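Trainee: In case you want the letters, here they are:
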Amino acid sequence: MFSYYLKLAFKSIKRNPILSLLMVTAIALGIGASMTTITVNYLMSADPIPQKSHQLFYVQVDSWDPHNAFSDDSDDNNPPPTQLTWTDATNLMSAKKANKQTAMAKSGGIIEPKGLDSKPFEASIRLTFADFFSMFDVPFLYGSGWDQQSDDKRDLVVVLSKNINDKVFGGENSIGKDFVMAGKNFRVVGVMNNWQPVPKFYDIQNGAFDEPEEVYMPFYLKEELELPNWGNTNCWKSPEGEGFKAFLRSECINFQMWVELPDLKAKADYLAFLDNYVAEQKSLGRFPRPLNNRLSDVMTWLDEQKVVEQDARLMLWLSFMFLLVCLLNTIGLLLAKFTGKAAEIGLRRAVGATKAELFKQHIIEAGCIGLLGGIAGLGLAVLGLQGIKSLYGDYVNNLSSLDGTMVVVALLLAVVSSVLAGVYPTWRACNIAPASQLKSQ
Amino acid sequence: MLKMTDVKKVFRTDLVETHALRDFNLHVKEGDFVAVTGPSGSGKTTFLNIAGLLETFDGGRFELDGQDVSDLNDKQRSQLRNQKIGFIFQSFNLIPDLNLFDNVDVPLRYRGFNAAERKKRIEHSLDMVGLAQRMKHLPSQLSGGQQQRVAIARALAGEPRFLLADEPTGNLDTQMANSVMDLLKEINANGTTIIMVTHDAALAKQAKRNIYVLDGKVSEVGKSATANHAHLAAVQ
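As you go down the protein sequences, you meet chains A and B in turn. Per UniProt numbering: the first sequence = residues 1 to 441. Per UniProt numbering: the second sequence = residues 1 to 236.
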């Protein structure tokens, strides 16, 4: 009977093309608006590294002003600073107390490609440690990351993003080749494949939805080459003295740190280590605030820092309200449509259709209208996402594409909501007294 | 076959109680062709709706094919309609966007027949009414008389025990009405019991048996319609 009801549904849709078009449009508008905001929220709140997000922890220690707590986006009224000082980042890295660990910072420099026609250009740098690549499951096209010795010896080695390798080396295997950046000659040890975690969880302080950096090099080269600070830098007191070295010694925060801890015990041990570290620093006259260290796994960290903006959530609810209004309209239109079919319903009842059979027939018709509305709504969602791109530019590029899951969600949402919208009109239709309709056609 | 004993039907609104049928008694035997006449508002259609299980009744007893139908639920009534009763209406009640084949298919779909069985029955019943060549036509492409023939084919396809016809020729000219009437007589001759409500005395005369309904009661029952002519003439 299902295929029979499908056939009847499409005949009925064709019978009242304008009424059907109005219903499909109403559902399409609701689905289009909802899917646009759902997609943005879904991509914003997705787990960027699901296979190990519960083993990766962001490190925070409270080195802030004794008189004023740090202020960030979280609801916490006494949060520790969201980044580390150079001193703490390097100390914690030297201790090597976690399975894997990486401090990091954002920087940038000028690349000087070889070849007469190529012009120098600026690119972003992630200063980090060897563990970065294995901790975050970075995919490689050629080669791999550097080893820990290169970290300690401050070797001039780089890992390039695919884009930069395409731009500087024409996409060929550049392992072992020279690469000039910030006036220094580096050796390429790895070329990453496309890698774009959304959100860019490892450094949400500098744009949670930004592109990953273009060049990766050992962290200590920051000091060696006096590479500039890119991204957020906050200080609760001025550096003591002038110059780059004074900044590194200061209480200014510009560095992030992640550790990989396999289980709860490892986490507890690392937290105890942090507490001991802070106690030791207190004895040296630092860390004037009460003990306030944190280890947050990826999703907790993204949640606390409100990576999904409040206004994005508000838009989501508003778009659901809009969908509801569209569905209420659809209910009205379905009532009109099914009332127009009273004579047919009366006839079907007379020749033996049970109420259950008629209910199935009409709910399938509502579902078909929903499916058509869903398909049209997907088109509108694509337009909506394009609109968001054109409004906000590259910033939202990573947030405005529909993937397979979203397509399925859109169609399901459309069908389920129109079936729900169809319940009352269908129930009314099934309860039409057949005798009242058969005389009046 | 169809036996109504003291059947009552009351339509109630906040202000008025209308007794559509009062102590309605009728016994229709297998193979009968009964014409039901009576003035407008006399209860003919209410009787037909109750006989066709399209409406419930408020008192009395109604047996259809030996089965007491008083306590059947909606689903059981639907199944009984589907299996035992064929309907023919004044305005044909064909579904406009289904072709003849699909229109005749409607009751068979609810019967649970497989596709081959349905096809066989549809072709046979359309053949019986002389429209086998026009199966793919839409109702709007046919004359009124042809449309009523399709409705008859639809009623026959399920091989019902009863045909209930409500003014089956009311929308047709005399020639078409006679042709439809001839078809009904042929169907009756083949063994199907027919109950036909009509205003048309000439048609009623052609039935095997006439009953005259007045004020919700069977006021006269006769083998011939002649006696009722005087009544009809007086009322009209």
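Hints listed in this document are in silico derivations from the structure and should not be mistaken for laboratory results. Predicted model only: the values in this text are computed from it and were never measured. Where is the CB? At the ideal position from N, CA and C, for every residue including glycine. A few of these clues could be false.
Reference listing, derived: stretches of chain B covered by chain A, where coverage requires no fewer than 3 residues with Cβ under 8 angstroms from a Cβ of chain A [what the hints assert, rightly or not]:
1. 47-57
2. 73-79
Not the full set, but computed from the structure, chain A residues with beta-carbon under 10 angstroms of chain B [claimed, not checked]:
3. M1
4. Y4
5. K11
6. K14
7. T25
8. G346
9. V351
Straight-line alpha carbon distances no greater than 25 angstroms define the calculated DSS-like cross-link-like pairs of lysine-lysine that follow [to be verified]:
10. K360/A to K75/B
11. K52/A to K119/B
12. K185/B to K355/A
13. K84/B to K185/B
14. K120/B to K7/A
15. K7/A to K119/B
Trainee: Hint by hint, work out which the structure violates, then give me just those numbers in ascending order.
Mentor: Result: hints 7, 11 and 12 break, sorted rising.
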